[in-house]
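There are 2 protein chains.
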Amino acid sequence: MASTINWNNLDKLESFKKLLSLKNSVSVAKELQGENGAVRVSKYSVPMGGGLTYNYAAKQVNEQLLSVFQQIADEDQLLEKFRALYNGEVVNLGEKRMVLHQLTRGQLGEAVNADGTDKRDFYETQRKNIAAFADKVHSGKILNEKGEKYTTVCQIGIGGSDLGPRAIYLALENWAKAKGTFMMDAHFISNVDPDDAASVLASIDLSKTIFVLVSKSGTTLETLTNQSFVNEYLKNAGLDPSKHMIAVTSETSPLAKSPDYLAAFFMDDYIGGRYSSTSAVGGAILSLAFGPKAFEDFLKGAAEEDKLSVEKDVTKNAALLDALIGVYERNVQEYPSTAVLPYSQALSRFPAHLQQLDMESNGKSVNRFGEKIDYVTGPVIFGEPGTNGQHSFYQLLHQGTNIIPLQFIAYKNNQTGKDVVIQGSTSQAKLGANVAAQIVAFACGKSDSNPNKFFAGERPSSLIYGDSVTPESIGALLAHFENKVMFQGFLWNVNSFDQEGVQLGKTLAKSVLAGETSGALKAYADLLIK
Amino acid sequence: MASTINWNNLDKLESFKKLLSLKNSVSVAKELQGENGAVRVSKYSVPMGGGLTYNYAAKQVNEQLLSVFQQIADEDQLLEKFRALYNGEVVNLGEKRMVLHQLTRGQLGEAVNADGTDKRDFYETQRKNIAAFADKVHSGKILNEKGEKYTTVCQIGIGGSDLGPRAIYLALENWAKAKGTFMMDAHFISNVDPDDAASVLASIDLSKTIFVLVSKSGTTLETLTNQSFVNEYLKNAGLDPSKHMIAVTSETSPLAKSPDYLAAFFMDDYIGGRYSSTSAVGGAILSLAFGPKAFEDFLKGAAEEDKLSVEKDVTKNAALLDALIGVYERNVQEYPSTAVLPYSQALSRFPAHLQQLDMESNGKSVNRFGEKIDYVTGPVIFGEPGTNGQHSFYQLLHQGTNIIPLQFIAYKNNQTGKDVVIQGSTSQAKLGANVAAQIVAFACGKSDSNPNKFFAGERPSSLIYGDSVTPESIGALLAHFENKVMFQGFLWNVNSFDQEGVQLGKTLAKSVLAGETSGALKAYADLLIK
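For the record, the sequence lines run as chains R and U.
What the first sequence shows, in UniProt numbering, is residues 1 to 530, in sequence order.
What the second sequence shows, in UniProt numbering, is residues 1 to 530, in sequence order.
No wet-lab data here; the hints were simulated from the structure.
A portion of the hints provided could be inaccurate.
Same chains, same names: a pair is fine if it fits in one copy or spans any two.
[Unchecked claim] Taking lysine-lysine and the BS3-like style, the derived pairs with C-alpha atoms no more than 30 Å apart in a straight line are:
1) 177 x 208
2) 372 x 293
3) 293 x 243
4) 312 x 418
5) 316 x 372
6) 293 x 128
7) 412 x 307
8) 141 x 12
9) 208 x 506
10) 372 x 23
11) 141 x 18
12) 81 x 243
13) 530 x 179
14) 23 x 300
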């Protein structure tokens, strides 16, 4: 199988050379003019999973570009590469690992066997074990030392063990409260700054809290440090840490065999941290917070989106199309960053998750074979919820000297069902009106004799929209970006699944703590450490 | 006075032409090598206000560049421009307004009179009125309908009425709790997404809450909408809104004369939203949350930093030097974005405040006279606290294809006083060790025969450090960036104090809500509004 795939650098593709010749070939402002604009909005639309839709009418594309995108997808064998990945080929070459996060939510291809087991069975078994554990906690079959129910869950993890699960928890908190499926309050401790743990611990009832210790290797310094911090608090409160902590780790980690946990659930080396929200890493805290059914629905939404991501036609595969548009914007239009703008307070931390997902996956300068590449890769990703951002950094997006592509995310309905009519419209309608207005303002601009009030327009955006933020829709949204980032990694020919760039800092920090430093490093350490 | 200042575009300066010739003239890796590196760390250091220090040893500068920076500062009359600003010249040309936020915390120059009053007196009077009000609330001289003390304060505002005050509140929450000066819990409602208000209101005891309605004009749609939302909740709870809301607004706004408020405090048109944290906009909520003394100390730190910002020698004026280095990085080195990396969980939202401050101030394409400019202006600003970011987007910072300048912020001590020793070091020491390690890793890189583990280095950073996050130090930190952004605005010759780029979206949103749309705008609105 593997031998039929050519892993080529982007600039070696004939079709990419065509794409380069199409720089600045589309005026979004013109395309969206008049009634043709409305036709374009309805046409440039791709169904996603979880009831979402990807709309790219305000992107700098036309039929010619779409046709070149298709040629690139075909020439670069993007779908074959995806198939190889989900069928268990070792695509994480640097670390010599398979990449199986899609398998945590469905089976797209053949059975994948590793470590003496069918991996889909393994992930499903973990999910079911978590569900059974959560049910027992919720029903009171598992109780604290005093025979009371646990009310609170607190994740101890950092990076992918924090950002994704936290973003999803916040996305669903109000949904669950409104639906009546809210089970337990969730909190998160991540930073090695001791004030992070101290302030979280001061705000919760320790005696009714289950901590979820998440570390694949069982060796993450921040996480182990925070575990000790928490254990000390538990002991000082006269509580038994083994009654208050579960572990999510790999079966080979030191944590796996420890008697210090109420329970342990497993992931493995084929799930990267930033791709782990649909594994036990997200599963434990989300199942405890919202019940196992909500977590299952979340996986269902992700699986739906995965299935759509195997489609060969670029106009029917939102993740693939989004990836190709992104590469056009990065490598042809030369835009260095992208803003993610969810018009939903529930998604307040979703941009931070995407920031890790995208920048850690594709912020690379060598290809998958370790050869230096001659084009730019991953952009800077940043964002904040709208309408808040409109009163903040949008000034630069509208009138700054660089064009920054935009990803809007919006919903027809809010989660709480509460709303108010002011000046003839609900708040939710105002939110939607602002999204529509911003897309058109960015794309079409406005001429004005006062140059301060002149808007050049031609600032491309796409829109992902749906009915509301639910487990299914947030699952699909998550999977969309995971798959987009994967396709972009294929296009740039980088390994999207390692992160060697984080190692040097770790090594140097260790030598500082060991007192083995000199020169500038010692001088900096002396400024900062008592 | 004004006539002696030349407002020139950056590319018209002779000294800037020199700067252009110094592209890539400094290797940070070389400069930081060996024991000379330690000397450089101790030398390239500028005292700031509030006990902070600005260290630029890991920036791409040397004596030659510093000398050109000085020439630019002199030729472009940066200090004269600052003097004109604080002495009340109308530097916000577009809106024909003075710019007086420094006057909310001290008197740098001459008395400034406007609206029939001395403006320093006006701001001080507001601060004292707020202090007196807060003291009455804290002492129980002002009570709720049932004769109970208020326990909670909730800001209703957006943009500058939200981001700055929220960032400062979060920065000082644990400090105040540890110090015993914590008075009232604070919450914030900003987004027009109704779930924002609904979830905040569901989490607080309305009967004991004072809402702070903040809108300079009294016409901000999001804020007025959220006010109505809150009023409805108050009425439904049998509470009298006028016993639960104070206003912070301008004296000429419709809110100023309303009997609907427990009290009203004033700012004016000379304080831009993103520069308003030291005015009544930050004053009301911070004085209620932490007591008037903490707010006074916060102003003291800002005033200290302002005083240092009038220094002509670029090596003694941290804000000025930071501004010049930033312009070198943006316009000579051509770096399109900057990351802000506070190693303190307390500063979790400080990057979001700086994002507004910087991007809204200097994200402009025309100069202060409305003429199109031929160079790039404000960069994209983004950031998250460390060490969290290390496990997220730092991969791209270390090994991505673009260089992104970095701003580290770190403290020797944490706020809560809680800590734990693991593997021979405290968490706080680990935090400091990581900062030192990251600075050196970014600057010096590491050669490796495995290209995956190769770090090119030459990624410049500066470090602001101090003893701990206190009212004084956070005040100085805030003022540093305000003044840096101001100096950069002078250099780019833009008006840093207006935000015309936010208007078009507002106008289009209004026409959507009025149903006065067609074409693409209507098509988008139809997708998003029920």
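Taking the hints in turn, this is what the structure says about them:
1. 177 x 208: For residue 177 and residue 208, the Cα distance is within 30 Å both inside one copy (20 Å) and across copies (23 Å).
2. 372 x 293: Neither. Shortest intra-copy (46 Å) and inter-copy (57 Å) distances fail the 30 Å Cα cut-off.
3. 293 x 243: Intra 25 Å, inter 44 Å, cutoff 30 Å: intra-copy only.
4. 312 x 418: Neither, since 42 Å and 56 Å both go past 30 Å.
5. 316 x 372: neither (33 Å within a copy, 42 Å between copies)
6. 293 x 128: Only inside one copy: residue 293 and residue 128 sit 11 Å apart there, 55 Å across copies, limit 30 Å.
7. 412 x 307: The answer is within: 25 Å in one copy meets 30 Å, while 51 Å across copies does not.
8. 141 x 12: Neither: 61 Å inside a chain and 76 Å across chains, both beyond 30 Å.
9. 208 x 506: neither (35 Å within a copy, 47 Å between copies)
10. 372 x 23: both (25 Å within a copy, 24 Å between copies)
11. 141 x 18: Neither: 64 Å inside a chain and 75 Å across chains, both beyond 30 Å.
12. 81 x 243: The answer is neither: 45 Å in one copy and 64 Å across copies each exceed 30 Å.
13. 530 x 179: between (50 Å within a copy, 21 Å between copies)
14. 23 x 300: Neither, since 39 Å and 53 Å both go past 30 Å.
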